[in-house]
Amino acid sequence: MAQLSDIANEFVRQEIEEFIEREDERQHIIDLYAKASQQMQDIAASIIDGDNDSSDSLTSKALDDGVDATTVMDDGLIAGMAIVGIKFRENFIFVPEVLACARAMKAGMAHVEPILSASGIKPIGKVIMGTVKGDLHDIGKNLCIMMLRGAGFEVIDLGVDTSPDDFIEAVEEHEAPVVGMSALLTTTMPNMGKTIDAFIDADLRDDVKFMVGGAPVTPEFADDMGADAYGDNAVECVDVAKLLVGSGAKV
Amino acid sequence: MKKIDQSDYDRSVARLSSLLSDIAVHAQEQSKMRCPYKNRLDQCTAKFGCRNKRKPRAKDQLPWCASDDKLDYRSAWETEPDEYVQVRDTIRKTVSRPCKNSDQPMSQVWYDRQHCPGQTGKTIFDHADDLRVRVPSSCGRSGHCHECVVEIKRGMEALSPPSEVENFLHGQYRLACQACVEKSDVDVEFSLLLRTPKILTAQDHGVIELDPVVTRRGDDVYYHDDQIDTYRGHIYGMAVDVGTTTIVAELVDLETGQSAYLSSFENPQRFGGSDVMRRISYDAGEFQGELHKVLINTLNGEIRQMCDKLSISRHEIYEFVVVGNSTMREMFFNHDVQSIGQMPYKSQVEEQYLSGQRNTTSLTEPARGLRLWANRRAQVFGAPIIASHVGGDVAAGLLAMDMARQTEVVMFVDVGTNSEVVIGHKDRLIAASCPAGPAFEGGLVRFGMPGCDGAIESVRYRDGRFICQTIGQTEPRGICGSGLIDLLAELRRHDLMTPKGVFADKAKHFDIIPEHGITFSRNDASELAQAKAANYCGQIILMRKFGIRPDQVAKLYLAGGFANYVDSVRAVEIGFIAPVSPDRIVKIGNAAAQGALQMLLSKHARQSIERLVRKIEHVELETTADFFEVFVEGCQFKPMHFPSQPRHQEPK
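Which chain is which? The protein sequence lines are A and B, in order.
If you count by the numbering used here, then the first sequence holds residues 9 to 259, one letter each, in order.
If you count by the numbering used here, then the second sequence holds residues 866 to 1517, one letter each, in order.
Keep in mind that the hints were calculated from the coordinates and are not lab data.
Any given hint might turn out to be false.
Covered stretches of chain B (in silico footprint by chain A; criterion: 3 or more residues with CB under 8 Å from a CB of chain A, positions within the stretch not fixed) [to be verified]:
{"no.": "1", "segment": "885–899"}
{"no.": "2", "segment": "905–913"}
{"no.": "3", "segment": "1194–1207"}
16 Å max Cα-Cα, derived EDC-like pairs, lysine to aspartate or glutamate [what the hints assert, rightly or not]:
{"no.": "4", "chain 1": "A", "residue 1": "K130", "chain 2": "B", "residue 2": "D870"}
{"no.": "5", "chain 1": "A", "residue 1": "K114", "chain 2": "A", "residue 2": "E162"}
{"no.": "6", "chain 1": "B", "residue 1": "K897", "chain 2": "A", "residue 2": "D39"}
{"no.": "7", "chain 1": "B", "residue 1": "K987", "chain 2": "B", "residue 2": "D887"}
{"no.": "8", "chain 1": "B", "residue 1": "K868", "chain 2": "A", "residue 2": "D73"}
{"no.": "9", "chain 1": "A", "residue 1": "K202", "chain 2": "A", "residue 2": "E162"}
{"no.": "10", "chain 1": "B", "residue 1": "K1480", "chain 2": "B", "residue 2": "D1292"}
{"no.": "11", "chain 1": "B", "residue 1": "K1211", "chain 2": "B", "residue 2": "D1201"}
{"no.": "12", "chain 1": "B", "residue 1": "K867", "chain 2": "A", "residue 2": "D240"}
{"no.": "13", "chain 1": "B", "residue 1": "K912", "chain 2": "A", "residue 2": "D169"}
{"no.": "14", "chain 1": "B", "residue 1": "K1371", "chain 2": "B", "residue 2": "D1360"}
{"no.": "15", "chain 1": "B", "residue 1": "K868", "chain 2": "A", "residue 2": "E31"}
All C-beta atoms in this analysis are idealised placements derived from N, C-alpha and C, irrespective of residue type, glycine included.
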């Protein structure tokens, strides 16, 4: 059984000491980190800290040094997220902090991706995501993106306040088969329908599948406005996207 | 560059996905209570406007968030929600598909800036549920507790006419459980009454000998004789009085005994009912554990705020002392409370104590297990209970009064929805709990209300009219406990009411403040008579049992709730408290919080309370042979009657 002192990285040690209170979980995490090299612990620390510059440079360096990409993912990036998950569950950090950590993980994953494609591993699908015109509420969408990327999707994030033209342009440029739209206000919800309309006008409706979500959106609204699928939350979003990718939309 | 094996990669992705799923599920759950844009420093990360946003506390900081996590934060986001119908229409216009549903107009029910579709046949309470707005209630929505009063800001015409039980309300006020949406073409908007009770807190700590459990020895911190931490600059402890209605938490420096922060707030469990029996049955249902959670979460929120304001770390808090009635204490410790709700009303801890499985009813558990925001090694001490419903709060109150050293016979009356009475001296003590109900606390009486702004707190009758004083000097909205006692006494003094509650000249009601429509009916008098009778029974049966008359009581200590504001002469006149002369009546404020503090600061106090509770004999009032006769006698508005002795004369 590994001891806390077996972990070389001081920041990680402090994090475990301070935030992981359940004994079994604590031992599990200590074992996980103790078997990782200090270089991997450093990567994990940058994820926990939400520091995307460090995670970017550390991951790049580790891969250049010849560390396995799987090891970088497991012992570095995912190990970091494991502690983030616990801190979040115990209310030590909240959604904005989690999203910063997810961003740091993405910065690390960016260096893993070329190796994936060189190994013949393709993303399971490409998704365009954005909040609709007039809507600045992006946290639900950001959680969806975190989930999609974690599940192996390539996501093009158009951010907030996305006009129908921006969506069309992105679909044409990236040839993505799935578009995810989110709206949080009853006032901006109609813009989902307008966006779908714009795709019809541009004769592109058959090229893409639309999935929609957001607090005021219901399956009935989704149906009314002509969307292909509705997801209630970030977990469902991944299931829905998998379904849409599998349903034979053009790639 | 080494290639990645597909199956290795799939395994990693599966692990990551499961981690992230847990995060997403927790995020969704949490977003019901806490705005997701609020970071761990309670700062706002939103890029849009919100009414809860406040100026950054320092340069280069994000704005901070003023929301209290209690109600749906979404209403604060600055948006201009269109009406549902309009939105639906716009969608239909923009979409070429044919509509499936009929074009029936749909009205909305609004609360603040949130709304949901109005459904005919459903009450405002049901709609509030849809909107996740917590409306207080303790009568199972039957219209009797009067807690779910809402103000209808518009759309009264869409609601069912007021029912019989709502006749105490006028103007735009309704009971949420009674008002049904009847028309589907008019929007309804409601709001809750904001009630911030006058909260009683510890008055004076007196001198307590410093002898805490957590001490500093050199550079180390010790809990008893265990080294638990290295010294971080302070050693704090917290005394918590968990009342059914109000919670008082005091942070104390255990090295100096100085109070560092005092906080009091409403018990957040109100949505589970306003008395302990309702909460016990709530905790039996599908939301078991919810009441414990909300209690700890709210306390953690207070602790965070204290830490923030005092610039201290949670790691410097090493101990908690918790007092409360049996139900509140067990809920705090997340124990099953069901056995307290049924005969013989004993908690599992008490049953274990009585069967010899444990040698005290006090509890000591790690704070970590309760998820309290404190040092990892912090401990929580739950004060021992007396018996059944008579809990550690009463014991703490007795500790604060130094009951262990009282040589004369004293009486302790803690007035509340559940009143407690203790009589005795250092060698013999008896205690009882009397379920008085909420009539003096705002329930059951037509214009009754808790002691908050707008409540009439004192009443005098002069020259044919009632002269009233209102808390906060605002427009009177109702009458609180001390006002009701005054009113009853004035009616008796001026022969406007018989002891049996019959009004002079066969009047059905009195206009207390005609211009505000505040009245007092015979029915109100009868509700108060029964609540008073419970207090009466407790005091008189215990005095009898102890073999003592009021004139032999050296001191009558009045604690809790509105007791501090009561006119004791008038309270004696109507038989609310025993006829003890006013100079021997002592109002002691929140004695329970004071006792908790003593236990926090002194090991000796903890030993004293253990000895004290063992000494107390618990009396089950209902099992007294002539309980019913005593109760009926107690319903009369006159000084307590002691047959063995000539009636005690009150000084005028």
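Comparing the hints with the structure gives:
Only when three residues or more bring their CB closer than 8 Å to a CB of chain A does the claim for the segment 885–899 of chain B stand; here the count is 12, and the claim holds. With 5 residues having a beta carbon nearer than 8 Å to a beta carbon of chain A, the segment 905–913 of chain B meets the requirement of three or more and the stated coverage holds. Proximity of the segment 1194–1207 of chain B to chain A, defined as three or more residues with a beta carbon under 8 Å from a beta carbon of that chain, is not established by the 0 residues found. In summary, the hint linking K130 (chain A) to D870 (chain B) is supported, as the alpha carbons are separated by about 12 Å, within the 16 Å threshold.
Taking the CA atoms of K114 (chain A) and E162 (chain A), the gap is near 11 Å; set against the 16 Å cutoff, the hint holds. For the hint linking K897 (chain B) to D39 (chain A), the alpha-carbon distance of about 35 Å lies beyond 16 Å, and the restraint is violated. For the hint linking K987 (chain B) to D887 (chain B), the alpha-carbon distance of about 36 Å lies beyond 16 Å, and the restraint is violated. Between K868 (chain B) and D73 (chain A), the direct Cα distance comes to roughly 14 Å. Compliance with the 16 Å bound is thereby established for this hinted pair.
For the given pair, K202 (chain A) sits about 25 Å from E162 (chain A) by alpha-carbon distance, which is inconsistent with the 16 Å threshold. For the hint pairing K1480 (chain B) with D1292 (chain B), the CA-to-CA distance comes to about 8 Å; that is within 16 Å, so the pair holds. Between K1211 (chain B) and D1201 (chain B), the direct Cα distance comes to roughly 11 Å. Compliance with the 16 Å bound is thereby established for this hinted pair. A hinted pair counts as satisfied when its Cα atoms are at most 16 Å apart, and K867 (chain B) with D240 (chain A) does not qualify at roughly 40 Å.
Under the criterion of a C-alpha separation no larger than 16 Å, the hint pairing K912 (chain B) with D169 (chain A) is consistent with the structure, at around 11 Å. Between K1371 (chain B) and D1360 (chain B) the CA atoms are separated by roughly 12 Å; this keeps the pair inside 16 Å, and the hint holds. For the proposed pair K868 (chain B) and E31 (chain A), the alpha carbon gap of about 37 Å is over 16 Å, so the pair is violated.
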